[in-house]
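Undergrad: So the sequences go chain by chain: A and B. Read in order, the letters of the first sequence are residues 1 to 512 in this note's numbering. Read in order, the letters of the second sequence are residues 1 to 343 in this note's numbering.
One or more hints might be untrue.
What the hints assert, rightly or not - Distance condition first, Cα-Cα at most 30 Å in a straight line; then the derived DSS-like pairs of lysine-lysine: (1) B:K115 x A:K426; (2) A:K441 x A:K426; (3) B:K5 x A:K426; (4) B:K115 x A:K312; (5) B:K278 x A:K313; (6) B:K282 x A:K286; (7) A:K174 x A:K23; (8) B:K104 x B:K282; (9) B:K104 x B:K5; (10) A:K312 x B:K92; (11) A:K395 x A:K344; (12) B:K11 x A:K441; (13) A:K395 x B:K92; (14) A:K370 x B:K104; (15) B:K5 x A:K395.
To be verified - Away from chain A, derived, C-beta distances all over 12 Å, residues of chain B: (16) T9; (17) T29; (18) N49; (19) A53; (20) N76; (21) K105; (22) K115; (23) D145; (24) A218; (25) K222; (26) Q233; (27) M237; (28) G255; (29) R263; (30) T270; (31) A313.
Hints were generated in silico from the structure; no laboratory data involved. The beta-carbon is built from N, C-alpha and C at its ideal position, and this holds for glycine as well.
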Amino acid sequence: MTISIEWAEKYRPRSLSEVVGNKKAVMDLQAWAEEWLHGVPEKRAVILQGQAGIGKTSAAHALANDYGWEIIELNASDQRTASVIERVAGSASKMRTLSGTDSKRLIILDEADNIHGTSDRGGARAIGDIIKKTNQPIVLIANDLYGLTSTLRTLCLEIKFHGVQSRSMVPALKNICHNEGIMCGVGVIENVAENAGGDMRSAVNDLQAVSTGRNEINIEDIATSQRDTKGSIFKVLEQIFKGTDAQKALNATYGLDENPEDLVHWIDENLPGQYGGGGAGKVNVKVDGIDVDVSNGFEYLSHADRYLGRVKKRQNYRMWRYAGVLMTCGAVVAKTHVHGGFIKYQPPSFWRRLGQLRARRTMRDNVASKIGEHCHESMRYARADLTSMYGRMLKDEKYAVDTLINLNLNLDELAYMTGSPKVTKKLQGVYDQAQSIINEKVSDDIEFFAAPKTDRSNKIKSKNDSQVSLDSIQNIIETTAPADVSNEKDDAKSSVAKKRESRKPQKTLFDF
Amino acid sequence: MKTKKDVWTVKYRPHTLNGVIGNEQSVTTICQLVQSNNLPHLVFHGPVNSGKASVAFALAYELYGEGYERNFTYFNASDFFDQGKQYLVRDKRFIRIIGTDDPKKIRKTVISIFKEIINEYAGMGSLDADFKIIFIDNAESLNSDAQHALRRIMEKYTTTCRFILSTTQPSRLIPPLRSRGLQLFFTYVSDAKLIEYVNSIAVQEGLTISDDALDAIAYHSKGNLAKALLTMQIASMSSGNNEISQQLIYGAVLGEIPEDITRLFESALTGDIMAARKIIDKLLIEDGLSGSEILEQLHGIVVTSNEKDTDIAKYVNNIAEADLRMLDASNDRIQLEAMVANF
Numbered sequence: 001m002t003i004s005i006e007w008a009e010k011y012r013p014r015s016l017s018e019v020v021g022n023k024k025a026v027m028d029l030q031a032w033a034e035e036w037l038h039g040v041p042e043k044r045a046v047i048l049q050g051q052a053g054i055g056k057t058s059a060a061h062a063l064a065n066d067y068g069w070e071i072i073e074l075n076a077s078d079q080r081t082a083s084v085i086e087r088v089a090g091s092a093s094k095m096r097t098l099s100g101t102d103s104k105r106l107i108i109l110d111e112a113d114n115i116h117g118t119s120d121r122g123g124a125r126a127i128g129d130i131i132k133k134t135n136q137p138i139v140l141i142a143n144d145l146y147g148l149t150s151t152l153r154t155l156c157l158e159i160k161f162h163g164v165q166s167r168s169m170v171p172a173l174k175n176i177c178h179n180e181g182i183m184c185g186v187g188v189i190e191n192v193a194e195n196a197g198g199d200m201r202s203a204v205n206d207l208q209a210v211s212t213g214r215n216e217i218n219i220e221d222i223a224t225s226q227r228d229t230k231g232s233i234f235k236v237l238e239q240i241f242k243g244t245d246a247q248k249a250l251n252a253t254y255g256l257d258e259n260p261e262d263l264v265h266w267i268d269e270n271l272p273g274q275y276g277g278g279g280a281g282k283v284n285v286k287v288d289g290i291d292v293d294v295s296n297g298f299e300y301l302s303h304a305d306r307y308l309g310r311v312k313k314r315q316n317y318r319m320w321r322y323a324g325v326l327m328t329c330g331a332v333v334a335k336t337h338v339h340g341g342f343i344k345y346q347p348p349s350f351w352r353r354l355g356q357l358r359a360r361r362t363m364r365d366n367v368a369s370k371i372g373e374h375c376h377e378s379m380r381y382a383r384a385d386l387t388s389m390y391g392r393m394l395k396d397e398k399y400a401v402d403t404l405i406n407l408n409l410n411l412d413e414l415a416y417m418t419g420s421p422k423v424t425k426k427l428q429g430v431y432d433q434a435q436s437i438i439n440e441k442v443s444d445d446i447e448f449f450a451a452p453k454t455d456r457s458n459k460i461k462s463k464n465d466s467q468v469s470l471d472s473i474q475n476i477i478e479t480t481a482p483a484d485v486s487n488e489k490d491d492a493k494s495s496v497a498k499k500r501e502s503r504k505p506q507k508t509l510f511d512f
Numbered sequence: 001m002k003t004k005k006d007v008w009t010v011k012y013r014p015h016t017l018n019g020v021i022g023n024e025q026s027v028t029t030i031c032q033l034v035q036s037n038n039l040p041h042l043v044f045h046g047p048v049n050s051g052k053a054s055v056a057f058a059l060a061y062e063l064y065g066e067g068y069e070r071n072f073t074y075f076n077a078s079d080f081f082d083q084g085k086q087y088l089v090r091d092k093r094f095i096r097i098i099g100t101d102d103p104k105k106i107r108k109t110v111i112s113i114f115k116e117i118i119n120e121y122a123g124m125g126s127l128d129a130d131f132k133i134i135f136i137d138n139a140e141s142l143n144s145d146a147q148h149a150l151r152r153i154m155e156k157y158t159t160t161c162r163f164i165l166s167t168t169q170p171s172r173l174i175p176p177l178r179s180r181g182l183q184l185f186f187t188y189v190s191d192a193k194l195i196e197y198v199n200s201i202a203v204q205e206g207l208t209i210s211d212d213a214l215d216a217i218a219y220h221s222k223g224n225l226a227k228a229l230l231t232m233q234i235a236s237m238s239s240g241n242n243e244i245s246q247q248l249i250y251g252a253v254l255g256e257i258p259e260d261i262t263r264l265f266e267s268a269l270t271g272d273i274m275a276a277r278k279i280i281d282k283l284l285i286e287d288g289l290s291g292s293e294i295l296e297q298l299h300g301i302v303v304t305s306n307e308k309d310t311d312i313a314k315y316v317n318n319i320a321e322a323d324l325r326m327l328d329a330s331n332d333r334i335q336l337e338a339m340v341a342n343f
């Protein structure tokens with residue numbers, strides 16, 4: 001071997017038949033390509049979707065190779081603004097190839113889920129436009145389907161690639177070893193395949209890494225060069241809950257694509273189920289009716305969570321280090337014995353549910369605000385101490401209409417407060433009644449505003465004489481104030497009084 | 001727009017200073033100030049429901065008469081600063097300043113909006129009175145920026161506007177603010193006064209209430225008039241005729257305790273973490289309570305429960321610890337679960 005070349009590149013499949021695994025996906029892709037041979041198919045583009053290193057790009061290139069198509073590729077290393085895409089892919093999609101009428105150009109847009117940001121402005125839309133008009137096949141490649149806009153997804157045929165099973169990797173890896181002239185010990189290939197976690201490319205890279213400078217690989221050689229694969233959260237949870245080695249559990253979390261913020265929810269969700277469950281032949285130690293393992297575990301989680309909070313408040317990500325150790329190692333050491341029994345780890349439900357109920361919470365806060373406004377209390381107090389009372393009153397026939405008028409709720413809020421799932425006829429009746437009364441009152445109010453002065457003075461006259469009202473004081477000052485009392489305050493006062501006469505009462509910011 | 005039937009605490013809110021129950025000293029002082037027509041800034045201290053807001057409203061009514069809302073504005077600092085922009089768009093008064101009803105479109109910060117609102121309102125003279133009053137309830141929620149902003153505003157606009165700051169935690173107000181106002185203290189009323197007042201309300205509502213029921217109300221509410229009226233109203237609603245017995249009062253008192261909190265306490269006692277988690281999720285998600293609100297209610301139940309005193313001390317210790325941790329924690333749920341697990 002004279003030139004060192006990456007094996008992953010060297011042994012990239014040249015034909016679709018060489019692609020390892022994903023038989024169904026490859027067949028779908030082939031069927032789509034066949035359609036192109038007889039005119040333009042319904043879906044002019046495909047999306048190849050799946051995790052990294054499982055052969056999406058290889059399949060696309062192999063496809064072009066099999067059919068003898070030219071390849072035009074745009075990937076994340078190119079700038080992909082609308083104009084660039086239009087220039088490269090757009091013109092290619094409309095022109096014929098040099099080599100003949102039957103031949104096509106395959107346009108490959110790699111890492112299509114990463115077209116965003118300011119550098120790729122308008123890229124996603126440009127792709128959509130090109131797909132609609134193209135007369136050349138287009139392949140989009142993406143890790144995350146949801147990184148693509150929904151319009152793009154509807155335009156394309158979706159083909160899903162799955163992780164390559166380790167037993168289908170083994171023959172391909174053996175083949176590589178054979179070609180490179182490397183002798184393998186028992187179980188070496190299998191181990192490399194297993195560690196790759198479905199990622200064919202990383203398996204090949206691993207193999208190359210262990211075999212550099214060797215002609216023979218044994219099982220001991222790979223034990224040390226274990227790749228930190230993107231571990232699955234379930235494996236990590238198993239390390240934490242079933243394992244006894246805190247170090248190992250911590251290392252497992254490093255390979256995980258979750259930050260401590262999310263990991264803590266996974267541990268929190270599954271901790272009581274696991275540690276409260278049956279012990280393998282051992283009885284759980286209980287204090288005050290609760291398993292000590294559970295309470296110790298939560299104690300650690302609670303501390304971990306405090307550091308997460310500090311990260312959030314101070315934006316000091318150094319604290320993540322402590323949070324991570326506390327939640328994983330804490331959960332490992334919290335157990336007095338290994339808990340047996342298979343438990344299916346649940347994804348954290350809390351945040352999902354929080355999202356679902358957001359509308360309901362907004363509704364409740366709106367109602368509480370209205371109650372608070374009416375009672376002159378804070379929304380928080382109204383929510384905690386008054387909503388139940390008002391709910392009761394709205395359910396009570398004697399009170400319902402009046403209460404509704406006071407609070408000025410709408411129909412949905414009324415239904416919410418009375419706890420009925422939808423607006424019933426009875427509620428509608430109450431609401432209509434309240435509305436008609438409100439409308440009457442509004443017309444009264446307008447009259448009141450039209451002649452506020454007379455109304456107001458009448459009311460003041462009718463008030464108890466002993467009460468000192470501001471107006472009467474002012475009247476006294478205005479009539480009795482002699483000229484010699486000419487301090488500033490009185491000046492200001494009389495000017496205010498003049499202003500009052502000259503101006504009509506106008507609505508200020510706080511009158512409504 | 002007031003109608004006859006309402007929560008009694010609202011319906012029987014005093015309209016005059018004479019109608020205020022208890023707090024004689026503070027009320028007399030205010031009466032004198034009103035008569036001299038020389039009102040300084042005021043700072044009201046006192047526990048929840050001790051009548052701070054009622055006195056402020058009565059004061060405004062005495063000063064300005066029927067249309068007092070023109071010169072008196074109620075401003076809840078807790079809503080303003082706890083909910084921020086969400087609250088601003090909800091309150092129609094502020095639409096002119098923020099000019100949008102979408103909280104995401106508000107470009108200014110909450111504190112700058114606060115300054116703008118107070119400045120505009122305080123700076124504009126009254127049309128038909130010497131000065132306006134701005135009543136800031138729950139002033140302890142004002143953050144320190146807002147409090148420092150108020151310092152200058154309060155001085156600058158003394159001629160046009162008087163401030164009344166009302167708070168349950170005077171120590172949360174910065175000293176310069178406290179020193180700018182006349183400090184008045186409010187407390188709960190005595191049992192005798194409470195019974196007399198509750199009885200008079202019962203008469204006005206056409207109810208007959210037995211003496212032992214009145215005692216029960218007094219015992220339960222401990223001088224908190226709002227609580228007493230709320231209890232009596234709940235009892236009256238569950239009573240078929242217009243008689244209120246001691247039994248009904250007890251029923252009403254029990255009914256006031258949220259059922260979920262009681263169940264949370266029970267499952268914490270038995271150590272049933274899964275049941276506790278369900279309740280915690282419901283309280284946090286569906287009822288939208290914050291962790292510390294849940295602890296506050298739980299605390300109320302624990303101290304009045306029939307457990308041994310030593311146990312109660314232990315439980316309160318746990319609750320306090322959880323509450324302390326929540327100050328810098330990021331997930332209330334985890335803290336609550338940890339508390340239940342170590343209860």
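Undergrad: Could you tell me which of the hints above the structure violates, numbers in ascending order?
TA: Result: hints 1, 9, 10, 11, 16, 18, 19, 20, 26, 27, 28 and 30 break, sorted rising.
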